[in-house]
Amino acid sequence: MSALSIKQLTKRYPNGVEALRGIDLDVARGDFYALLGPNGAGKTTTIGIVTSLVTKTGGTVEVFGHNIDTHRELAKAELGLVPQEINLNLFEKIETIVVNQGGYYGLPRTLAKQRAEKYLKELQLWDRRRDIARTLSGGMKRRLMIARALVHEPRLLILDEPTAGVDIEIRRTMWDFLREINERGTTIILTTHYLEEAESLCRNVGIIDAGQIIVDAPMKEVLRQLQRETFVLTPREPLTETPVIGGYELSLRKDGDVEIAVEKSSSLNAVFDVLDARGIDIVSMRPKSNRLEEMFIDLVENRGAEKITAEAGA
Amino acid sequence: MNTWQVNWVGFKTIVHKEVFRVLRIWVQTLVPPAITMTLYFIIFGSLIGSRIGQMDGYSYMQFIAPGLIMMSVITNAYGNVVSSFFGAKFGRHIEEMLVSPLSNATIILGHVVGGVLRGLGVGAVVAIIALFFTDLEIRYPLVTVSMVILTATVFSLAGFINAVFARKFDDISIVPTFVLTPLTYLGGVFYSISLLPEFWQKVSLANPILYMVNAFRFGILGSSDIPLATAYTIVIGFVALLFSACYWLMHKGVGIRE
Numbered sequence: 001m002s003a004l005s006i007k008q009l010t011k012r013y014p015n016g017v018e019a020l021r022g023i024d025l026d027v028a029r030g031d032f033y034a035l036l037g038p039n040g041a042g043k044t045t046t047i048g049i050v051t052s053l054v055t056k057t058g059g060t061v062e063v064f065g066h067n068i069d070t071h072r073e074l075a076k077a078e079l080g081l082v083p084q085e086i087n088l089n090l091f092e093k094i095e096t097i098v099v100n101q102g103g104y105y106g107l108p109r110t111l112a113k114q115r116a117e118k119y120l121k122e123l124q125l126w127d128r129r130r131d132i133a134r135t136l137s138g139g140m141k142r143r144l145m146i147a148r149a150l151v152h153e154p155r156l157l158i159l160d161e162p163t164a165g166v167d168i169e170i171r172r173t174m175w176d177f178l179r180e181i182n183e184r185g186t187t188i189i190l191t192t193h194y195l196e197e198a199e200s201l202c203r204n205v206g207i208i209d210a211g212q213i214i215v216d217a218p219m220k221e222v223l224r225q226l227q228r229e230t231f232v233l234t235p236r237e238p239l240t241e242t243p244v245i246g247g248y249e250l251s252l253r254k255d256g257d258v259e260i261a262v263e264k265s266s267s268l269n270a271v272f273d274v275l276d277a278r279g280i281d282i283v284s285m286r287p288k289s290n291r292l293e294e295m296f297i298d299l300v301e302n303r304g305a306e307k308i309t310a311e312a313g314a
Numbered sequence: 001m002n003t004w005q006v007n008w009v010g011f012k013t014i015v016h017k018e019v020f021r022v023l024r025i026w027v028q029t030l031v032p033p034a035i036t037m038t039l040y041f042i043i044f045g046s047l048i049g050s051r052i053g054q055m056d057g058y059s060y061m062q063f064i065a066p067g068l069i070m071m072s073v074i075t076n077a078y079g080n081v082v083s084s085f086f087g088a089k090f091g092r093h094i095e096e097m098l099v100s101p102l103s104n105a106t107i108i109l110g111h112v113v114g115g116v117l118r119g120l121g122v123g124a125v126v127a128i129i130a131l132f133f134t135d136l137e138i139r140y141p142l143v144t145v146s147m148v149i150l151t152a153t154v155f156s157l158a159g160f161i162n163a164v165f166a167r168k169f170d171d172i173s174i175v176p177t178f179v180l181t182p183l184t185y186l187g188g189v190f191y192s193i194s195l196l197p198e199f200w201q202k203v204s205l206a207n208p209i210l211y212m213v214n215a216f217r218f219g220i221l222g223s224s225d226i227p228l229a230t231a232y233t234i235v236i237g238f239v240a241l242l243f244s245a246c247y248w249l250m251h252k253g254v255g256i257r258e
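Those sequence lines, one after another, are chains A and B.
Note that my numbering has the first sequence beginning at 1, numbered continuously upward.
Note that my numbering has the second sequence beginning at 1, numbered continuously upward.
Read the hints as simulated data drawn from the structure, not as lab findings.
Just so you know, not all the hints are guaranteed correct.
What the hints assert, rightly or not - Heads up, simulated DSS-like pairs for lysine-lysine below, C-alpha to C-alpha not over 25 Å straight-line:
id: 1; chain 1: A; residue 1: K121; chain 2: A; residue 2: K141
id: 2; chain 1: A; residue 1: K93; chain 2: B; residue 2: K252
id: 3; chain 1: B; residue 1: K89; chain 2: A; residue 2: K7
id: 4; chain 1: A; residue 1: K220; chain 2: A; residue 2: K254
id: 5; chain 1: A; residue 1: K141; chain 2: B; residue 2: K89
id: 6; chain 1: A; residue 1: K113; chain 2: B; residue 2: K252
id: 7; chain 1: A; residue 1: K93; chain 2: A; residue 2: K118
id: 8; chain 1: A; residue 1: K93; chain 2: B; residue 2: K89
id: 9; chain 1: B; residue 1: K202; chain 2: B; residue 2: K89
id: 10; chain 1: A; residue 1: K254; chain 2: A; residue 2: K288
id: 11; chain 1: B; residue 1: K12; chain 2: A; residue 2: K118
id: 12; chain 1: A; residue 1: K141; chain 2: A; residue 2: K118
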């Protein structure tokens with residue numbers, strides 16, 4: 001049985017916008033799954049339907065085997081949601097927000113208080129428990145939303161861009177926490193615009209574009225498909241001309257660094273030898289962008305190109 | 001834990017949240033009606049009322065006291081639900097409940113009971129203030145209590161519907177200002193409809209608040225312009241109708257789900 005099973009999910013808004021065009025998705029129990037896609041691709045709509053904040057037009061959704069149409073309460077009891085936008089009662093005390101959320105899932109107040117203490121401590125918010133939510137920083141509000149989503153200990157946790165606007169230190173602390181939660185057995189679905197986050201955390205990835213799933217595969221397999229990588233070479237003195245090296249594609253950047261795109265199996269030794277022979281001393285080398293990001297852009301742009309070609313043909 | 005238990009705990013949580021909200025902002029929720037009603041008692045009851053004389057065999061102060069209690073119950077029950085539910089919608093923390101396994105009926109009932117409790121609390125405060133100005137003996141306690149609870153329920157449900165449709169804060173003040181206040185003032189709070197010309201007496205009978213105020217006044221004073229059975233039929237009918245409307249709106253997700 002999957003943690004989440006989506007079949008032929010469609011959503012058409014009253015204004016005619018077709019947000020989802022027959023999505024099929026299966027997320028295994030215990031998985032850490034990345035759901036990626038550009039803005040407006042349909043990620044949040046999909047999550048909205050699964051959590052019943054958005055009504056679907058067609059298709060079926062099951063959470064741990066519970067159909068959201070026929071066994072809505074059972075399905076919802078398995079879910080925890082950290083939404084994209086801050087949706088806290090900003091005038092409520094932090095501890096009360098978490099305790100009340102436990103109550104909405106049927107936790108007796110004593111147990112809800114124990115759980116609130118547990119998760120607020122784990123997310124370093126316990127010292128602020130008597131403050132109202134409005135006084136928290138952006139990162140703290142995000143962590144509070146995670147604590148709130150976990151208070152009933154759901155088997156499936158959905159995080160819709162949980163680290164948006166959070167500084168890197170706190171983001172990495174949150175990553176560690178999410179890894180731990182996943183290791184304890186909670187299935188996690190993560191949407192994010194930080195692709196290094198998805199690459200670092202997730203075992204499987206789905207890419208959604210224009211309301212359709214265009215990739216659904218293990219992260220390793222997706223990354224393996226990358227044939228080319230681009231590196232940025234920084235010379236000791238900024239270059240003014242693009243070096244020409246046979247068999248390699250180099251380009252000069254505005255800052256005097258050089259970009260080089262190579263096939264995954266290629267060696268860079270020859271490049272360094274030629275540059276060295278020309279008196280160009282390379283002091284550092286770094287990947288141009290995150291690998292997943294390259295593939296993501298490639299996939300989405302290619303689909304855009306295909307669409308333009310198809311529309312032109314029509 | 002079965003569905004019934006989840007909903008029972010969820011219901012208690014919503015009520016708890018609503019009651020603490022009222023107590024937390026007591027300066028906004030409990031003090032203003034106390035001050036307003038004190039002024040009503042002083043101006044209409046003592047100063048003007050002493051010149052009016054008797055109404056339906058009671059002093060004017062005694063006559064208006066049940067109406068003023070009911071007026072504050074109506075306004076506060078309505079205001080509590082409309083502001084709380086719309087505030088939750090506006091701040092999007094209504095999603096806390098919408099993603100949970102709580103049934104639509106539980107969400108409605110939790111908010112309605114919150115509204116009823118605020119209405120009753122404010123009504124009790126106003127009743128205590130009234131005792132400083134006049135003697136009030138409750139002739140029929142069962143009628144008094146049941147009618148005040150039913151009335152608070154009707155207006156809590158109405159407030160819930162207003163909140164569902166409201167898109168901005170202006171939308172939650174339109175109904176109280178342009179509908180609720182005129183209907184309350186014309187609902188027999190300050191006068192007996194027997195004083196009106198026959199035509200306006202018949203027009204007044206279309207005002208549901210008239211039945212609530214009169215039945216409540218009957219419970220306290222033992223006098224009413226309206227048969228009690230008619231009042232109960234209408235008020236219970238409104239409860240059933242408005243609850244069904246709330247349930248349907250929640251089921252369809254009107255104003256709260258995309």
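How the hints compare with the structure:
1. A:K121 <-> A:K141: 14 Å, holds
2. A:K93 <-> B:K252: 32 Å, violated
3. B:K89 <-> A:K7: 30 Å, violated
4. A:K220 <-> A:K254: 34 Å, violated
5. A:K141 <-> B:K89: Status holds; Cα separation ~18 Å.
6. A:K113 <-> B:K252: 33 Å, violated
7. A:K93 <-> A:K118: 16 Å, holds
8. A:K93 <-> B:K89: With Cα atoms ~18 Å apart, K93 of chain A and K89 of chain B stay inside 25 Å; holds.
9. B:K202 <-> B:K89: 40 Å, violated
10. A:K254 <-> A:K288: 14 Å, holds
11. B:K12 <-> A:K118: 23 Å, holds
12. A:K141 <-> A:K118: OK: K141 of chain A and K118 of chain A at ~17 Å, within 25 Å.
Hint check: violations occur at hints 2, 3, 4, 6 and 9; the rest are consistent with the structure.
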